Each structure stands twice: as structure tokens, then as C-alpha cells.
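One-letter residues, chain by chain:
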Amino acid sequence: MDAADPTLSAASTTLINVLLVEDDAAHAKLVRRAMREFDHVLSIRHVEDGHAALDALGAACRLGCGADSWTGESGGEERRYDLILLDLRLPGIDGFEVLRTLKSHDATRRIPIVIVSTSDRREEIERCYALGANAYVCKPIGFEEWLRKVRALASFWIHVAGLPGR
Amino acid sequence: MLILERSIDKAVCIGKDVRIHLIEVINKRRVKLGVEAPPDVPVWRSEMGDWKGDEPISLACERFRILVIEDDVAQAKIITRTLANATTAEVELVKTGREVYEACDRIQRGEEDRPDLILMDYRLPDARGDELVGHIRGIEMLRQVPIVMLSCADSSSEVSGCLSAGANAFISKAEEFDAFRTSVLRIVDFWSHAQQVA
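So the protein lines, in turn, are chains A and B.
Every letter in the first sequence is one number past the one before it in the working numbering, and letter 137, counting from 1, is 137.
Every letter in the second sequence is one number past the one before it in the working numbering, and letter 197, counting from 1, is 197.
Don't read these hints as lab results, they were simulated from the structure.
Take these hints with a grain of salt, some might be off.
[Stated by the list, open to error] What the simulated footprint calls covered on chain B by chain A, stretch by stretch (three residues with Cβ under 8 Å from a Cβ of chain A suffice, anywhere in the stretch; the number is not a length):
1. 136-148
2. 163-172
3. 180-190
[What the hints assert, rightly or not] With a cut-off of at most 27 Å between alpha-carbon atoms, the simulated DSS-like pairs for lysine-lysine come out as follows:
4. A/K149 x B/K16
5. B/K95 x B/K77
6. B/K16 x A/K139
7. A/K103 x A/K149
8. A/K29 x A/K139
9. A/K139 x A/K103
[As the list claims (entries may be wrong)] According to the in silico footprint, chain B covers these stretches of chain A (three or more CB under 8 Å from chain B):
10. 103-114
11. 123-131
12. 154-161
The structure presented is a predicted model; accordingly, all values stated were derived computationally and were not measured.
The beta-carbon is built from N, C-alpha and C at its ideal position, and this holds for glycine as well.
Can you build the whole structure from these sequences, using the hints too?
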């Protein structure tokens with residue numbers, strides 16, 4: 001799939017790390033499956049709640065410290081994420097709070113966050129963009145349509161968009 | 001007259017490979033339509049008229065409006081021609097930071113419609129991209145408009161700066177015409193399907 005793409009440039013050969021914040025196991029499985037079709041995805045880490053998402057992006061976010069370092073995985077392994085896919089309906093801290101927190105800290109503000117939600121309510125969409133979401137995608141009902149949207153989403157952010165640190 | 005039934009099996013064909021069906025009637029005033037179309041067919045937002053009982057519902061389609069901010073004549077031509085040939089989008093082209101500020105003022109005064117998407121060159125003769133992004137994001141009614149930056153450079157600091165200022169995405173302009181054209185179409189395709197607020 002990647003080899004025939006005319007939009008590939010030298011800059012887009014960098015491998016990226018994706019953080020998927022989704023409590024629905026079936027949706028998460030589908031997103032991971034679709035993302036793995038793209039050679040440029042180095043890793044896709046899946047967490048199921050807001051607290052885990054903030055943990056994955058470093059304790060600095062929650063403590064409001066200066067953010068030069070990242071602490072991510074267990075064992076102190078550092079991980080930098082290039083793209084975040086964020087559901088709004090999460091146990092514990094909801095997606096809005098995760099979005100607000102990440103977009104209010106210097107260390108994480110520039111990471112593109114794509115909201116992936118079942119809701120198409122105007123007030124929720126407005127709120128997400130007001131909080132700094134880079135894009136808002138509605139999960140359609142049908143499986144095939146959802147797969148198509150995820151592929152389009154991944155194709156845009158992986159093949160076309162420039163990401164920080166590339 | 002187009003009669004729609006609340007069943008995906010009763011979808012009506014309105015064009016080549018394009019079908020619509022009724023999803024629901026909301027509060028007896030608005031209807032929600034489902035549209036099935038192949039991935040290469042852009043599907044634009046629609047403005048629904050209020051339903052007044054037995055009267056037919058008028059369906060008016062708004063054209064997707066794109067504001068292109070580009071001072072390079074050749075690049076501007078590629079972008080506008082690509083959009084004209086492959087989409088039904090309404091395109092406005094401005095070339096300087098000053099024209100951007102003036103367009104923002106007109107939009108705020110209600111003299112011009114808000115765009116649905118902004119494609120902006122990072123380097124303009126009289127302004128820097130992240131400064132203009134900051135200005136646009138400071139305007140309440142433009143805060144939700146997606147801004148996609150276009151740049152010849154692939155500087156990490158430029159990418160970071162623009163995303164931090166509030167740009168939605170940053171695209172490096174490819175050197176080859178076909179690659180750049182494909183990128184422009186992908187941008188419009190993605191943002192026309194991403195959920196926005198009317």
C-alpha cells in the first residue's frame with residue numbers, strides 16, 4: 001500500500017508511535033488492525049481510561065512540572081507519541097479532561113489529537129475544538145464504514161501530515 | 001418529489017453509486033439523512049429546512065468553502081485548479097497577511113461566510129504562519145475552523161510551532177506536482193468528512 005503512494009516524501013519515512021485511548025475493546029481492535037496496515041506505524045499503544053492516557057504521556061502533565069522528560073511505560077521506558085486517538089467516553093477521567101490537560105501543557109500541546117467518538121452532538125464537537133482538538137471523527141455504526149474512516153484518518157495523519165519531531 | 005423511508009434497504013439512488021435514506025425524524029422538525037457514497041465521492045454538509053407537517057422538506061446543499069492563503073502564484077494555481085477539478089468547493093484565494101486580517105474582519109462583521117477549511121502557506125511576504133494561526137484562533141467564530149498549514153520546509157520547529165499555535169495539521173509541499181495534488185485532495189477529503197460544526 002505504501003510503496004505506490006505518490007505523497008510519500010523523505011520526511012514521511014519516519015516511524016511514528018500512536019496512542020489509542022479507547023475503552024471499547026472491539027473498536028480498539030479494529031483501529032489497531034487498520035493502523036498496522038501502514039508501514040510507518042512503529043507502535044500503537046492502547047489504554048482504556050483517561051488516567052492511563054495521562055500516565056502514558058508522562059507524569060509531568062498531571063503534576064504541572066516543566067516537561068523536558070517523559071516517563072511512559074512500566075520500567076521507566078521513555079516513549080514519545082506522535083499521534084493520539086482519543087475517545088470521549090472513558091471511565092474515570094473523561095476524554096474532554098484528557099484533551100484539556102494535554103492541550104494546556106507545553107510538552108504535549110503540539111501532539112495532534114484526533115477525537116474518535118460515537119457522538120455527533122453539536123455541543124460536544126464545539127467543546128472539543130474549543131479545547132484544541134486537531135480533528136473530530138464520528139464513529140459510524142457499520143463496521144466497514146468505520147474501517148474505511150479509520151484508514152482515511154490514518155492515511156491522512158501518517159502519509160500527509162507533518163508531525164512534530166519528524 | 002423524493003419519498004424516503006426509514007430503512008437502509010429502501011435507500012434511494014440520487015446519483016452514480018450515491019444513495020440516501022432516512023435515518024430519523026428529530027422532534028418533528030429536522031430529519032437526519034444517511035448518505036452512501038464511494039470513498040472518492042466527496043459528501044458535503046447539508047442544511048436542512050424545518051419540517052412543517054405535511055409540507056415537503058426543502059434540502060439545500062451548502063458548498064464546502066475553502067480559504068486558500070498562498071502568495072506563490074504557481075503553488076496557488078496548483079491548489080485552486082486541483083480543488084476546482086476534483087471538488088465542488090467554493091474557493092477564496094488571498095495572498096498576504098494583510099488580506100487575511102481583512103478577510104477575518106469581514107467574517108466577523110458578517111459580510112463574508114466563515115470558511116469550512118483554511119489552507120495556509122507558512123511563509124507569507126508580510127506575516128508568519130504561526131502568527132496568523134494565533135490571530136485566527138483568537139476569533140471566537142473561527143476557533144473551530146480547521147487550519148492546515150502548507151510549507152516547503154519540513155522544519156520540526158515550524159511543525160511544532162504551528163501545531164502549538166492551534167493549527168490542526170501541517171503539510172509539507174511535495175516537490176512533484178502529482179504528489180502535491182494528491183496531498184491537497186487528501187486534505188480536503190479528510191476534512192470534509194471529519195465532523196465539524198455547522
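Against the structure, the hints:
{"no.": "1", "hint": "136-148", "in the structure": "holds (count 3)"}
{"no.": "2", "hint": "163-172", "in the structure": "holds (count 8)"}
{"no.": "3", "hint": "180-190", "in the structure": "holds (count 6)"}
{"no.": "4", "hint": "A/K149 x B/K16", "in the structure": "holds (21 Å)"}
{"no.": "5", "hint": "B/K95 x B/K77", "in the structure": "holds (12 Å)"}
{"no.": "6", "hint": "B/K16 x A/K139", "in the structure": "holds (25 Å)"}
{"no.": "7", "hint": "A/K103 x A/K149", "in the structure": "holds (24 Å)"}
{"no.": "8", "hint": "A/K29 x A/K139", "in the structure": "holds (14 Å)"}
{"no.": "9", "hint": "A/K139 x A/K103", "in the structure": "holds (23 Å)"}
{"no.": "10", "hint": "103-114", "in the structure": "holds (count 5)"}
{"no.": "11", "hint": "123-131", "in the structure": "holds (count 4)"}
{"no.": "12", "hint": "154-161", "in the structure": "holds (count 6)"}
Of the numbered hints listed earlier, not one is contradicted by the structure.
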